[in-house]
Structure formats: C-alpha cells, structure tokens
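**Student:** From first to last, the protein sequence lines stand for chains A and B. Numbering (the working numbering) for the first sequence: 153 to 439. Numbering (the working numbering) for the second sequence: 190 to 497.
Don't take every hint at face value.
To be verified - Straight-line alpha carbon distances no greater than 25 Å define the calculated SDA-like cross-link-like pairs of lysine to any residue that follow:
hint, chain 1, residue 1, chain 2, residue 2
1, A, Lys-212, B, Gln-225
2, B, Lys-312, A, Thr-395
3, B, Lys-312, A, Phe-276
4, B, Lys-468, A, Glu-282
5, B, Lys-429, A, Val-417
6, B, Lys-468, A, Thr-395
7, A, Lys-343, B, Asp-443
8, B, Lys-312, A, Ala-328
9, B, Lys-468, A, Lys-212
10, B, Lys-468, A, Lys-266
11, B, Lys-468, A, Gln-300
12, B, Lys-468, A, Glu-340
13, B, Lys-468, A, Val-417
14, B, Lys-312, A, Arg-277
15, B, Lys-429, A, Thr-395
16, B, Lys-468, A, Glu-316
17, A, Lys-266, A, Glu-316
Unchecked claim - What follows is a list of derived Cβ distance ranges for each label pair:
hint, chain 1, residue 1, chain 2, residue 2, range
18, A, Ala-208, B, Gly-355, 45 to 55 Å
19, B, Asp-470, A, Gln-420, 47 to 57 Å
20, A, Glu-174, B, Glu-192, 17 to 27 Å
21, A, Glu-210, B, Arg-221, 22 to 32 Å
22, A, Glu-174, B, Asp-214, 18 to 28 Å
23, B, Glu-192, A, Glu-199, 19 to 29 Å
Calculated from the structure, these hints are not laboratory results. Quick caveat, the model's predicted, so the values are computed rather than measured. Positions of the beta carbon are idealized from the N, C-alpha and C atoms, including for glycine.
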Amino acid sequence: RLLGRETAPAEPRRELDDAMLEELEDMLIAADMGTETALRVTANIAEGRMGRRIGATELKQALADEITRIMAPVAQPLPLYPRKPQVVLVVGVNGSGKTTTIGKLASQLRAAGKTVVIAACDTFRAAAVEQLQVWGDRAGVPVLVAPQGSDPASLAYDAMVRAESDGADLLLIDTAGRLQNRADLMEELAKIVRVIRKKDETAPHNTLLVLDATTGQNALSQVEAFRRMADVSGLVMTKLDGTARGGVLVALADRYGLPIHAIGVGEQIDDLDAFEPDEFARALVGL
Amino acid sequence: MFESLSDRLGGVFDRLTRQGALTEDDVTAAMREVRQALLDADVSLPVVRSFVRAVTAKATGAAVTKSITPGQQVVKIVHDELIRTLQGDDAPETLQIDTPPAPILMVGLQGSGKTTTTAKLAKRLTEREKKRVLMASLDTNRPAAMEQLAILGQQVGVDTLPIVPGENAVQIAKRARQQASFGGYDVYMLDTAGRLHVDDVLMDEVQAVRDVVNPRETLLVVDGLTGQDAVNVATEFDAKVGVSGVVLTRMDGDGRGGAALSMRQITGKPIRFVGLGEKMDALESFDAERVAGRILGMGDIVALVEKA
Ligand SMILES: Nc1nc2c(ncn2[C@@H]2O[C@H](COP(=O)(O)OP(=O)(O)OP(=O)(O)O)[C@@H](O)[C@H]2O)c(=O)[nH]1
Ligand SMILES: Nc1nc2c(ncn2[C@@H]2O[C@H](COP(=O)(O)OP(=O)(O)OP(=O)(O)O)[C@@H](O)[C@H]2O)c(=O)[nH]1
Ligand SMILES: [Mg+2]
Ligand SMILES: [Mg+2]
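Same shape as in the complex, but just chain A:
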C-alpha cells in the first residue's frame, strides 16, 4: 500500500500439462458438457499451448473463446416470417417449461407489435389449461381451449382456423409434456403436425423444443427423438437461473447445429433472454 495503489497479485502461472487439462475437462463435465465433448474442447485449446506457462484465468478465457466459437453460429432469435398466421409449435418432455415459455414469448411478441393467439393443446395434464389461461391474461393474448381429455390435434386445427380468421400474426401451440421414448405419445405429436399441415402445408413454421438446463445427457436423446418425430427447428433452454450450466448445449450445437432461440432465466414474464454465446461460455467455465 506504500504507493497507494492496489495491484492484483500476479496470477501464478503453471506449465500446461495433462493434469491441468484434466482439471479443465472435469470442470466442463461438471457443467453437463458430457465426457466426449469436454475432451474434444479441451484438446482443441491445448493445441499449441502444451508445455507453455499459463495462468488459470488465461486458460479459462481460452476455453471460453473456444466454446463461444462453437456456440456463435447457433445463437439465433426466433425467425419471423410474413406468413399469417405463423405457427409455432412448442414441444418437450414433462415439466421442462413449455407453458411458461409460451407465456413469456407471447408477451415479447405482443410488445413487438404482433397479434398473437395461443392454443392450449395440453388437454391431458391437470390444470394445464388454467395455467396457460393465466399466462394468456398476463401477456394480454387470447387462449383457445378445449375440455380436458379432448383430442389435441383437432384443437390445433380449430386454432389454425380461428387464428386465420382473426388475422393473427402468430399462433403459439402448447403441447402436453411427453418423454421421447413413449412411442404412443410421440405419435400423438406427429398427428398434431399432420393435422396442422392439412390447413397449411408450410406449418408449423417453427417447432421449438424446450429443454430443462437441469437435465443431463438425456437431452441428447430428447433432441434426437423430437427432431425425428416433430421436425424441431430450434431450441429454448429454461432454468438457467439456477446452478445448472447447460453444458449439454455445446454437445448439441456440435452434433445437430440447431438454433438456440432463447433461454429461460426465471419464472416471471420477462425472464426470457436471448442466448448470448459469450455470456454462456463464461458462465460455463466460471469466469
């Protein structure tokens, strides 16, 4: 303190060796990146750096840069088309955050001057419709409903008709949660898509798969199956406001290259953010 100036103590530098790489790898694994992708990502940054002396922050920064590089191409907002109504189908496993995300999305679209209609096609789960109606009220958007137990595909069709006659810009369709290994429920989803296409063969224009950040490597199998059955066009990851880091997105970007349209960061209506690769990468490596 003699000079009255605070300087951060210089970070100790260590020679980059296998042990250090393994530590990095573990950090990525603990963020749900999966062993394979973690190994590949650390190997990439090791190239040309092995044996050199390097500080921990510098190393993490290199890692973050590498992750940003992988994620940048998939960071894309929900594309909007001139087509009216643009049909957005929202799918995913149970409890991932589909209904909440629709509420948030409807509110953002409304704020952007779009007219939106929501269809409550989860006719299965108890109070799913009531839940969505509350979100519709909050967002100031009408919600089309059918009695519990009725056919979701026919409600989807009715909603297409209604959205068209209302001249709505967008129709958001909520669906019941389903695990991807349930063939019957996946077939039900495929049927919804088929019926929508009877009305407009270019629809749905977006099929959003909602992933829960808490989920581990099973997210890979979710993307695989929903892509096959419902032609997923983009991803939303929810619950990134917790301690889960969502590292599986890196593996997914690597393998499928599907756009990531948004992330959920809370339970309130404004808690839907754009996916920022750099911010995501820094959080992943703890910077």
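Could you slot chain B with the ligands onto chain A? The hints should help.
**Tutor:** Showing chain B with the ligands alone in chain A's frame:
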C-alpha cells in the same frame, strides 16, 4: 447412445485374459472406464470420484476365477458396490408416519414432479395403508398450481384443503395442520412451490413452513433425468431444509438415472419411491438392483456374472 460398462471393459481386458488376481494396473485401466460410464450416466463428478476410490480399493487384488473374465469380475464388483450404496440399510417404502396427523413435506426444484408425486403418494397411502390423507398446496407462485392439486385429489379420491386466495405458504400450512387434526386425518401432505436451492427468499419460506409443522417426512422430489446439478440440489436442500428421503421421477424415460447415486451418496437418505409415468398409479418403491443395472447400461450381463 452410450456404451455399457461391460462393453467398455471388454475392450480393456481383451488383452489380458489371464487368470489370477487383478493387478493394480488392471484396476487402474478398468477404473478409467468405470468413471466414464458413470459420468455418461449423469452421476455427479464428486460422487463418481469417491465411488471410484471405493471400488478401486475393493477390486485391487480381487481373485479372478476360471469361469469369468477379469472384465466381468470388475463389472461384478462395481455392480455390487452400486447396489450397496443405492440400497442403504432401511426398507425404502416405510415412511415414518405413525402418529396422526403426520405431516409430509414435499420439496424440490421447479417442474420436478412434486404435485404429481404428492397425489400419487396420497393415493398409495390411502389404498395400501388405509390412511386418511389430506393434501394441501402451498404453491402461491405457479399459475393454477392449487387447481392442479385439487383436480388430482378428485381423480384419486383424496381430500384437498379448500383453496383460500391470498394466504401465504405458512398460513396455508397452519390451516392444513388444523384441518388435519380436527378432521381426524392420519397424514397431511404439503405440496410446495418449486424453488431453486439458491433462491434465498423461497428457501427461507420453506424453512418457515418446516418450523411450523415439523414434518415427519420431508421428501425431496428429483427429476430422474437430472445431470451434474444433482450434487448441488442434494447438498443445498438437505442443508437448508433437511430431507428425510428422496423420490425420483421420470424414471419411465430412457435416462440412465445416475442422479439416483448422487442423491443417495450426498444426502445419505433413502430413495423411497420412483415415478414411472404421469398416471396416478405410476409410483413404485425404489429397486436398487434395477437402477444399478440401468446406470451401468446393462441388464442381462449382470445376471450372467452373478451366476459365475
Ligand atoms: N427457475 C425457473 N423456473 C422455470 C423456468 N421456466 C419454467 N420454470 C418453472 O418450471 C415449472 C414447470 O414449467 P411449465 O411451464 O409448467 O412446464 P411444462 O413444460 O409446460 O410442463 P408440462 O406441461 O407439465 O410438461 C414451473 O414451476 C415454472 O414456473 C425458468 O426459466 N427458470
Ligand atoms: N413421465 C413422467 N412424467 C411425470 C412424472 N412425474 C411427474 N410427471 C410430469 O411432470 C410434469 C411436472 O409435474 P408436476 O407434478 O407439475 O411438477 P412440480 O414439481 O409440482 O412442478 P412445479 O410445481 O411447477 O415446481 C407434469 O407434466 C407431470 O405429469 C413421472 O414419473 N413420469
Ligand atoms: Mg405445460
Ligand atoms: Mg407443483
């Protein structure tokens, strides 16, 4: 999508089909594969580390008999240790709910399956153990959460506490306790709002509820598809609320269920039940053997080794 442990170990031990005891080198090579298999199954990293340490100690020097390969021997040791850890000592489905009215507090992250599990468990207690059960939703947060529980209550024929708008969680808990004792119920179940373990306001709220009702059981409801975050969830909920048992949901999925091991190891509390679907009877008591086979990505091979 992921290789099973025996496939992995097959590769490692193909070169060394000799007999005798497992050497330190054999074990070290094998443990790399064990570690990878557990991580692929979403077991939390710190749990993987301590598990591998324990298994290494058991495997080093273990005799390999004529009838099985060293790989199979390692699989057996790992499998046995997994079961031992997952199982614990107590009978899983026995809840401490003898003195009526016994409160059961259900806690967990958002969307983990608390409300559904509350209704499933209430149905089970009613039908199998002839208990009179009252359910109450303390979820003032999620839209239509209370209606959800009320509808499920009707479906399973279990009473729910009447909904009074404007009350907070502690007030509802007190009313539930009162209603449970006046109404002569054996058990009252408190379904709470989903919360993040790092949300201090909501964690304080559930502590306040706990302090008011003194739950006989506090069940942490965890998504069976949970990844590495399991370690944080288990640690924080146990430290802040104190859990007495775990329920794993969505075990009807094709996840490997490594969260089971993380939960068991970190909380030290039994996994009581697993959720196997959305229907109200899709709740079973925890079967350590089945989950162990699943974590390792194999069923039959283990049976084969056991015969050896
Ligand atoms: N912390 C947090 N919670 C969220 C987020 N998104 C949704 N949730 C909560 O997660 C829980 C489940 O959300 P829902 O929108 O009902 O999920 P869903 O996919 O529609 O569920 P099902 O229809 O039952 O399959 C609710 O408690 C939401 O408030 C998020 O980004 N962060
Ligand atoms: N496949 C399957 N789905 C389940 C299981 N348990 C619950 N669910 C589904 O998971 C979703 C969320 O369940 P909820 O009971 O609403 O979860 P919660 O923890 O009460 O959610 P919040 O109150 O929002 O925190 C619903 O769609 C349930 O039907 C299970 O064991 N298997
Ligand atoms: Mg929903
Ligand atoms: Mg609930």
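**Student:** Among the hints numbered above, which are violated by the structure, and what are their numbers in rising order?
**Tutor:** Violated: hints 2, 6, 9, 10, 13, 16, 19.
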